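**Q** Listed below are the residues making up each chain.
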Amino acid sequence: MSAIDPIEPMQALPLEDIPDNGLLRFLTCGSVDDGKSTLIGRLLFDSKTILADTLHAMQRSSEKRGLDVVDLSLLTDGLQAEREQGITIDVAYRYFTTGTRKYIIADAPGHEQYTRNMVTAASTADLAIILIDARKGVLAQTRRHSYIAHLLGIPHVVVAVNKMDLVDYSPEVFARIKADYLAFAGKLGIENIRFMPMSALHGDMIVERGERLDWYAGPSLIEVLETVPPVHSAHAEKFRFPVQYVCRPQDSANPELHDYRGFMGRVESGELTIGDAVTVLPSGRETRVKDIQVLAESLPSAVAEQSVTLLLEDEIDISRGDMIVKSGELPKLGKEIDAMLCWLAEAPLDPRRKYLIRHTTRDSKAMLAGIDYRIDINTMERQASDRLVMNDIARVRFKLAQPIFADPYAESRGTGAFIVIDESSNNTIGAGMIL
Amino acid sequence: MSNAALSRVTLSHLDWLESEAIHIMREVAGQCSNPVLLFSGGKDSICMLRIAEKAFRPGRFPFPLMHIDTGHNYQEVIDFRDQRAAELGERLIVRSLEDSMARGTVVLKSADEPRNKHQSITLLEAIEEFAFDACIGGARRDEEKARAKERIFSFRDEFGQWDPKNQRPELWDLYNARSFKGENIRVFPISNWTEIDVWQYIEREQLALPSIYFAHHRPVVRRSGGLLPVTAVTPVKPGDLVEEVRVRFRTVGDITCTAPVESDADSVAKIIAETAITTITERGATRLDDQTSDASMEQRKKEGYF
Numbered sequence: 001m002s003a004i005d006p007i008e009p010m011q012a013l014p015l016e017d018i019p020d021n022g023l024l025r026f027l028t029c030g031s032v033d034d035g036k037s038t039l040i041g042r043l044l045f046d047s048k049t050i051l052a053d054t055l056h057a058m059q060r061s062s063e064k065r066g067l068d069v070v071d072l073s074l075l076t077d078g079l080q081a082e083r084e085q086g087i088t089i090d091v092a093y094r095y096f097t098t099g100t101r102k103y104i105i106a107d108a109p110g111h112e113q114y115t116r117n118m119v120t121a122a123s124t125a126d127l128a129i130i131l132i133d134a135r136k137g138v139l140a141q142t143r144r145h146s147y148i149a150h151l152l153g154i155p156h157v158v159v160a161v162n163k164m165d166l167v168d169y170s171p172e173v174f175a176r177i178k179a180d181y182l183a184f185a186g187k188l189g190i191e192n193i194r195f196m197p198m199s200a201l202h203g204d205m206i207v208e209r210g211e212r213l214d215w216y217a218g219p220s221l222i223e224v225l226e227t228v229p230p231v232h233s234a235h236a237e238k239f240r241f242p243v244q245y246v247c248r249p250q251d252s253a254n255p256e257l258h259d260y261r262g263f264m265g266r267v268e269s270g271e272l273t274i275g276d277a278v279t280v281l282p283s284g285r286e287t288r289v290k291d292i293q294v295l296a297e298s299l300p301s302a303v304a305e306q307s308v309t310l311l312l313e314d315e316i317d318i319s320r321g322d323m324i325v326k327s328g329e330l331p332k333l334g335k336e337i338d339a340m341l342c343w344l345a346e347a348p349l350d351p352r353r354k355y356l357i358r359h360t361t362r363d364s365k366a367m368l369a370g371i372d373y374r375i376d377i378n379t380m381e382r383q384a385s386d387r388l389v390m391n392d393i394a395r396v397r398f399k400l401a402q403p404i405f406a407d408p409y410a411e412s413r414g415t416g417a418f419i420v421i422d423e424s425s426n427n428t429i430g431a432g433m434i435l
Numbered sequence: 001m002s003n004a005a006l007s008r009v010t011l012s013h014l015d016w017l018e019s020e021a022i023h024i025m026r027e028v029a030g031q032c033s034n035p036v037l038l039f040s041g042g043k044d045s046i047c048m049l050r051i052a053e054k055a056f057r058p059g060r061f062p063f064p065l066m067h068i069d070t071g072h073n074y075q076e077v078i079d080f081r082d083q084r085a086a087e088l089g090e091r092l093i094v095r096s097l098e099d100s101m102a103r104g105t106v107v108l109k110s111a112d113e114p115r116n117k118h119q120s121i122t123l124l125e126a127i128e129e130f131a132f133d134a135c136i137g138g139a140r141r142d143e144e145k146a147r148a149k150e151r152i153f154s155f156r157d158e159f160g161q162w163d164p165k166n167q168r169p170e171l172w173d174l175y176n177a178r179s180f181k182g183e184n185i186r187v188f189p190i191s192n193w194t195e196i197d198v199w200q201y202i203e204r205e206q207l208a209l210p211s212i213y214f215a216h217h218r219p220v221v222r223r224s225g226g227l228l229p230v231t232a233v234t235p236v237k238p239g240d241l242v243e244e245v246r247v248r249f250r251t252v253g254d255i256t257c258t259a260p261v262e263s264d265a266d267s268v269a270k271i272i273a274e275t276a277i278t279t280i281t282e283r284g285a286t287r288l289d290d291q292t293s294d295a296s297m298e299q300r301k302k303e304g305y306f
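Protein chains in written order, with my numbering: chain A, 1 to 435; chain B, 1 to 306.
Straight line, CA to CA, 25 Å or less: simulated SDA-like cross-link-like pairs of lysine to any residue:
1) Lys187/A - Arg395/A
2) Lys109/B - Val233/B
3) Lys365/A - Ser33/B
4) Lys178/A - Asp133/A
5) Lys335/A - Gly30/B
6) Lys136/A - Glu381/A
7) Lys354/A - Asn166/B
8) Lys290/A - Arg57/B
9) Lys332/A - Thr279/A
10) Lys165/B - Ser424/A
11) Lys165/B - Asn391/A
12) Lys181/B - Arg320/A
13) Lys238/A - Ser12/B
If you are wondering where the hints come from, they were derived from the structure by calculation, not from laboratory data. Fair warning: this is a prediction, and the values are worked out from it, not measured in the lab.
Produce the entire structure from the sequences given, and follow the hints as far as they go.
**A** Next comes the structure, spelled out in structure tokens:
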């Protein structure tokens with residue numbers, strides 16, 4: 001349970017146009033006890049995102065539950081069942097804007113049994129905030145959250161040492177927790193970690209710096225969020241374009257469109273310019289890019305995360321599931337996968353069954369070829385295992401019926417990730433990251 | 001490896017949201033055999049049509065448009081709906097709540113009862129009639145708490161029910177639209193948009209809107225803190241004080257439960273300015289049917305509501 005006090009009257013956002021510095025998706029990891037909901041509430045509150053009627057509904061609900069302060073976790077615990085039980089059971093998405101950037105928060109529950117939820121939330125995050133209660137220091141769950149953030153390839157990690165108000169804003173406590181954290185993070189190979197002390201309850205070092213953490217010279221949380229570079233600009237990438245849909249408007253009344261063949265999709269990584277030499281997979285046919293279009297507009301180039309239509313110089317048979325890449329930058333083509341897998345389903349993985357694997361826009365039947373080891377996510381130990389149950393993370397090998405064109409997940413999330421589908425229920429039951 | 005990738009500018013937040021929505025619509029087209037796009041003439045679905053154009057032109061949309069008409073819609077919105085579908089040259093299916101009432105599948109407790117919650121029945125009947133396997137809708141996660149946890153591809157069983165505790169995991173941009181006969185997937189391409197994103201997109205793309213979104217004079221009655229427009233289906237009651245007020249609608253739905261707000265904003269730019277300083281959420285201000293309980297939307301969604 002978390003609370004915030006006192007509720008001040010809302011202030012208006014500035015009227016001038018909101019400048020645009022793109023969008024950042026981040027994940028908050030921690031249990032309710034760490035003050036995660038209070039942190040999110042504080043970000044929404046201080047960025048003036050909580051509106052009056054929402055606040056009044058929260059006040060009413062808090063009073064009904066006999067609380068004398070407004071419970072900010074009510075903001076993030078959306079479902080009736082969760083509100084009744086007072087716990088978060090599923091990933092919730094929240095939105096706010098600072099005036100220069102739009103933010104999507106994925107709020108994932110922290111309990112051990114919800115590893116699958118954190119994996120889900122982490123899959124789309126550019127930054128993770130790992131919350132530590134200053135009184136408790138680095139716990140098993142801190143290691144678990146850090147490991148998952150690392151496994152899912154989140155490029156930026158902020159370790160937020162919260163509840164500094166309860167340890168008298170002690171620099172020694174902060175330094176000790178930082179040293180403890182670095183000791184295990186080094187073993188995991190986690191880099192680019194930022195540490196910051198804060199009190200979400202009092203709003204210190206979130207949006208305002210406050211006056212009680214003068215000894216800390218680093219950036220506040222909002223300063224970090226505002227300035228981290230976008231993911232796809234961090235390093236040079238190979239161009240990857242899985243074809244989603246082929247546009248052939250032959251039946252159109254416009255005779256100019258009779259030969260139109262547009263290959264539609266979203267750039268998963270890298271960038272492409274008109275005239276570039278490209279290779280189509282799996283055929284291996286080479287051609288050049290004739291045009292890059294969105295609606296009637298022709299674009300000189302396309303960049304990662306952009307949805308476009310590609311027109312090619314030569315007529316090549318291409319359909320959904322194929323991939324267009326720059327010639328000379330081919331991904332690995334193969335019918336075997338070596339990957340880290342998180343098992344998401346109630347029913348354990350059955351080594352005798354065939355599953356469906358969806359990788360980019362391509363599906364293939366798959367069979368387990370072996371479980372190399374299972375990871376104990378509290379101790380990071382590797383254990384032998386012949387089965388996987390819900391929330392397990394393991395290194396596995398699959399055999400595929402159809403080849404896929406894959407990159408290591410660490411190089412390209414878009415072409416290194418896959419999901420496992422159970423065709424008997426159509427449910428998504430596994431999440432994989434290719435090694 | 002070139003240095004170009006290091007220096008390039010990132011997509012603006014609107015470009016990113018638009019690109020995500022296009023990707024989602026193309027996944028529907030690629031994965032589903034018989035999808036439909038719900039189009040009401042409201043601002044969110046107007047954005048959806050723009051996104052569909054960007055996703056599929058110069059080809060035709062790989063799905064028809066459909067409106068579930070409660071019979072309690074503003075004529076300006078209905079006219080706009082028909083005009084927009086005609087301009088795009090796309091097929092528009094209209095199924096009406098009144099037909100369900102005539103069939104006896106929708107039974108109202110009273111004639112002036114809000115009809116929004118009954119739309120689910122007509123929608124499910126239309127899904128069955130056309131055997132749609134996916135319905136694309138313009139709902140957003142910021143609209144209401146129950147929506148904040150809903151997947152972009154949200155599975156519904158053969159009764160059209162959403163089970164919030166048993167949702168399919170949704171990772172990366174790998175969407176799972178698979179369903180068996182009789183089941184269907186609801187798809188929300190603008191899940192990650194907020195009200196102000198929608199208005200900014202309308203401004204950027206210069207999208208036309210039904211006139212009632214802009215400030216106009218209208219006779220209203222003040223009731224429980226909100227404004228109730230005086231119309232044929234919401235007549236004046238004894239003791240009501242009718243006022244002529246300058247108002248605009250933030251959402252356009254069933255007349256009996258969609259209230260206007262006082263406003264002088266007669267352009268998209270002015271609406272954006274007003275939205276940026278507003279202190280009441282969209283549904284809180286204008287949806288009389290959501291105020292009954294904190295969890296009323298969740299309840300309706302479980303019953304098959306969009």
